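**Student:** What follows is each chain in one-letter form.
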Amino acid sequence: DQQVKQNSPSLSVQEGRISILNCDYTNSMFDYFLWYKKYPAEGPTFLISISSIKDKNEDGRFTVFLNKSAKHLSLHIVPSQPGDSAVYFCAARITGGSEKLVFGKGTKLTVNP
Amino acid sequence: NAGVTQTPKFRILKIGQSMTLQCAQDMNHNYMYWYRQDPGMGLKLIYYSVGAGITDKGEVPNGYNVSRSTTEDFPLRLELAAPSQTSVYFCASSYLTSGAFDTQYFGPGTRLTVL
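From first to last, the protein sequence lines are chains G and P.
Using the numbering used here, the first residue of the first sequence is number 1, and each one after it goes up by one.
Using the numbering used here, the first residue of the second sequence is number 1, and each one after it goes up by one.
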């Protein structure tokens, strides 16, 4: 069963506009949520995280929103740039110090010039 | 700092062969992890280690073995390669203290094909 779901395999936006990537989860025992960015032939790199006790975290052009009642989080990129084109993975950490991350399948973002 | 390094970058194996995927980190991280990523899928945890001499299974450990004799190195062993093990393998590390949170830092991956 998929505990972390990214239902959109791909997203295409124009440069300068907002990109919104979505993620749903089913396990109430997650305490941190993370977004990783991955370019082809490279490993994932950490982008931004949010604690389950917060509802928003912002870092420059990137903002993550968490809606615990809906078990939903989203990543907003404003403004989008061509260099943002990559696969974005949503991940969640299981509470209890196991440090295990559960990943979604990823969303491929294409930002067109 | 080189971060997390993985060797080899690519490898083709025949069914039944064995190999070891190497992973090293120079950040003095206590936690290390092995993931696999199949096409169109997310990363799945194979094994992880909380320190030298301590390892534990992740979500998909069958067909793999690990050891952690030093803080820096965390090799992944495939004993009898099968086509189902064709995947991209990522090693990661993080530094954790009690109650803290730290992101995981990933290596560039090893692309393995079993024919």
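Note that these hints are calculated values from the structure, not bench results.
Some clues are possibly wrong.
What the hints assert, rightly or not - With a cut-off of at most 30 Å between alpha-carbon atoms, the simulated BS3-like pairs for lysine-lysine come out as follows:
id : chain 1 : residue 1 : chain 2 : residue 2
1  : G       : Lys54     : P       : Lys14
2  : G       : Lys5      : G       : Lys71
3  : G       : Lys108    : P       : Lys9
4  : P       : Lys44     : G       : Lys108
5  : P       : Lys57     : P       : Lys14
6  : G       : Lys108    : G       : Lys56
7  : P       : Lys44     : G       : Lys105
8  : G       : Lys108    : G       : Lys71
9  : G       : Lys56     : G       : Lys100
10 : P       : Lys44     : P       : Lys14
11 : G       : Lys54     : G       : Lys100
12 : P       : Lys9      : G       : Lys56
13 : G       : Lys108    : G       : Lys68
14 : P       : Lys9      : G       : Lys68
15 : P       : Lys14     : G       : Lys5
16 : P       : Lys14     : G       : Lys56
17 : G       : Lys54     : P       : Lys9
18 : G       : Lys5      : G       : Lys105
19 : P       : Lys14     : G       : Lys68
20 : G       : Lys5      : G       : Lys54
21 : G       : Lys71     : G       : Lys56
22 : P       : Lys9      : G       : Lys71
23 : P       : Lys9      : G       : Lys100
24 : P       : Lys44     : G       : Lys54
25 : P       : Lys44     : G       : Lys71
26 : G       : Lys56     : G       : Lys68
27 : P       : Lys14     : G       : Lys71
28 : G       : Lys56     : P       : Lys44
29 : G       : Lys68     : G       : Lys54
No experiment lies behind these values; they were computed from the predicted model shown.
**Student:** Against this structure, judge whether each hint is valid.
**Tutor:** To see whether the hints hold, each was checked on the structure:
1. G:Lys54 / P:Lys14: Outside the cut-off at roughly 49 Å; violated.
2. G:Lys5 / G:Lys71: Holds: lysine 5 (chain G) and lysine 71 (chain G) sit about 11 Å apart, inside 30 Å.
3. G:Lys108 / P:Lys9: Since the Cα atoms of lysine 108 (chain G) and lysine 9 (chain P) sit roughly 23 Å apart, the hinted pair holds (cutoff 30 Å).
4. P:Lys44 / G:Lys108: Cα-Cα ~18 Å, so holds.
5. P:Lys57 / P:Lys14: 25 Å, holds
6. G:Lys108 / G:Lys56: Holds. Lysine 108 (chain G) to lysine 56 (chain G) sits at ~23 Å (cutoff 30 Å).
7. P:Lys44 / G:Lys105: It holds: about 10 Å lies between the C-alpha atoms, which stays within 30 Å.
8. G:Lys108 / G:Lys71: 22 Å, holds
9. G:Lys56 / G:Lys100: Holds, at about 23 Å.
10. P:Lys44 / P:Lys14: Judged against 30 Å, a Cα distance of about 23 Å means the pair holds.
11. G:Lys54 / G:Lys100: Roughly 20 Å between the alpha carbons, so the hint for lysine 54 (chain G) and lysine 100 (chain G) holds.
12. P:Lys9 / G:Lys56: Distance of about 38 Å is beyond 30 Å: violated.
13. G:Lys108 / G:Lys68: 25 Å, holds
14. P:Lys9 / G:Lys68: Violated, because 40 Å separates the two Cα atoms, which is more than 30 Å.
15. P:Lys14 / G:Lys5: 34 Å, violated
16. P:Lys14 / G:Lys56: Violated: lysine 14 (chain P) and lysine 56 (chain G) sit about 49 Å apart, past 30 Å.
17. G:Lys54 / P:Lys9: 39 Å, violated
18. G:Lys5 / G:Lys105: Holds, because 7 Å separates the two Cα atoms, which is no more than 30 Å.
19. P:Lys14 / G:Lys68: 47 Å, violated
20. G:Lys5 / G:Lys54: 20 Å, holds
21. G:Lys71 / G:Lys56: 14 Å, holds
22. P:Lys9 / G:Lys71: 37 Å, violated
23. P:Lys9 / G:Lys100: 25 Å, holds
24. P:Lys44 / G:Lys54: The hint holds at about 26 Å.
25. P:Lys44 / G:Lys71: Status holds; Cα separation ~21 Å.
26. G:Lys56 / G:Lys68: 11 Å, holds
27. P:Lys14 / G:Lys71: 44 Å, violated
28. G:Lys56 / P:Lys44: 27 Å, holds
29. G:Lys68 / G:Lys54: 9 Å, holds
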